[in-house]
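Q: Sequence:
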Amino acid sequence: MSRPLRVIAATFALLLATACNSASTGGDTPASSSARGVTADTIKVGGIVSMTTASGYSKKDSDLGARARYDRANAEGGVNGRKIAYLGAEDDGQDPARNLAAARKLVQREQVFAVSPMSSVTFAGADFLDTQKVPTVGWGTLPSFCGPAHIYGFNGCLVPTPGGTLNQTWPESLASVLGGARGRSVALIAGDNDAGKFGIRTFTQGFKAAGFQVPYAKAVVPATSMPSDWSAYTKEILRSGPGGGAPDAVISVMQTPYNIGLFTALKRSGYRGVLSDPTDYDPGLLAKDATKQALDGVHVLLQFQPFESDSPAMRQFKDDIRKAAGGKEVPLNMHMLTGYMSADLFLAIAAKAGEDLTVESFQKAADGFSDTGTLVGDRALPKGKKESFGCGALVQLKNGRYEVAVPFTCYPPIPFG
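Residues in the sequence shown are numbered consecutively from 10, following the numbering used here.
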């Protein structure tokens, strides 16, 4: 065969082999992707979590929850043939500068495709992640989860901007506990930080809309140093109700160490009304007698099914956590579930995006995504960019154990303005 004919034959063979290989990528092996953090067989994901804080409060188990969900996904074959390469979570220490640094590290050094979970009271890295087109899923307790194109709350937007809606789980559930909202008063207190200020604003509107009087609503507690003396706060709260008396309920939008201090001071002052917060659903807190006493009787807001429920989804969650913890029974807490459900929403959208996973295909899949029967109720996007998924429950700590006070229920949201 002459040299020109050999070259033509070799070229034809190469083209034929390339065509066959290209056709085979539609089978069991996904094609390689040009997207950052995505290869033919892996999707690289990292997290950002407040594992250490000045107050001692920690969300570290969000990392375990996410790992448990990713482990199950990998055991089941991954997402459209790709395994999740989960790097674990960066600790931001609840510090805005560290939050941004963690976001930069995950994107620029680690080259992750997505950040999930993101769970902190600060989200200074939000603009960077959105600008870099990094799908990010976390606990939507900050305004950054309400609108930016690439950022998603696992149970929707909990702190909306005007034009969005408010989740009424807390006011409606508390009304059930008190036998109705009419003629009832609540005092709201929070830390002097962005999360606290937004919380006060939104919950004030929500409780008033449910029919409560809200004579006291302040974000005044120092966020960086827990008070050693709570008397200045308790005196003002206990005189804020009708006629200068105590309100029917005191709502704390703060973290556990602060709640322990505030609730202990209120009880010592003789307060007998309802105490409630959104953070103290953690059996690990019951190991210390002082903590157990401080939180006894407190109603805790949940935005997911209680661990005491026996639904298939809850049984699956418990089994996944047990496996991720090395087969050991570990005390469950809400941070495990926030990490787990952050990972769960990311996986669900990525699966819908199909084999050709890119930021664009992920975003397209998110637009119009919906499913039902999850641990946070029915999920829908882009609805979740402006409102929460509207479901929740109240549990009460009684005699050293949590009991369901108001079952997991979905409530119609109200406009926020």
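For the record, the hints were derived by calculation from the structure and aren't laboratory data.
Idealized CB from N, CA, C, for every residue including glycine.
Heads up, some of the hints might be wrong.
[What the hints assert, rightly or not] Per label pair, the in silico range of CB-to-CB distance:
| no. | residue 1 | residue 2 | range |
| --- | --- | --- | --- |
| 1 | E364 | A63 | 40 to 48 Å |
| 2 | G188 | G90 | 36 to 44 Å |
| 3 | S185 | S379 | 22 to 30 Å |
| 4 | G377 | T170 | 17 to 25 Å |
| 5 | G189 | A360 | 30 to 38 Å |
| 6 | D298 | L390 | 38 to 46 Å |
| 7 | T61 | K337 | 36 to 44 Å |
| 8 | L390 | K92 | 54 to 62 Å |
| 9 | N89 | G189 | 44 to 52 Å |
| 10 | A389 | S185 | 19 to 27 Å |
| 11 | T381 | S237 | 32 to 40 Å |
| 12 | R410 | K337 | 33 to 41 Å |
Q: For each hint, tell me whether it holds in the structure or not.
A: A quick look at each hint next to the structure:
1. E364 / A63: 40 to 48 Å: 45 Å, holds
2. G188 / G90: 36 to 44 Å: The hinted range 36 to 44 Å is violated for G188 and G90, with Cβ atoms some 55 Å apart.
3. S185 / S379: 22 to 30 Å: For S185 and S379 the Cβ distance comes to about 28 Å; the hint holds.
4. G377 / T170: 17 to 25 Å: 22 Å, holds
5. G189 / A360: 30 to 38 Å: 44 Å, violated
6. D298 / L390: 38 to 46 Å: 45 Å, holds
7. T61 / K337: 36 to 44 Å: 23 Å, violated
8. L390 / K92: 54 to 62 Å: 25 Å, violated
9. N89 / G189: 44 to 52 Å: With a Cβ separation near 50 Å, N89 and G189 satisfy 44 to 52 Å, so the hint holds.
10. A389 / S185: 19 to 27 Å: 26 Å, holds
11. T381 / S237: 32 to 40 Å: 48 Å, violated
12. R410 / K337: 33 to 41 Å: For K337 against R410, whose Cβ atoms are near 21 Å apart, the range 33 to 41 Å is violated.
Consistency note: the structure conflicts with the earlier hints numbered 2, 5, 7, 8, 11, 12.
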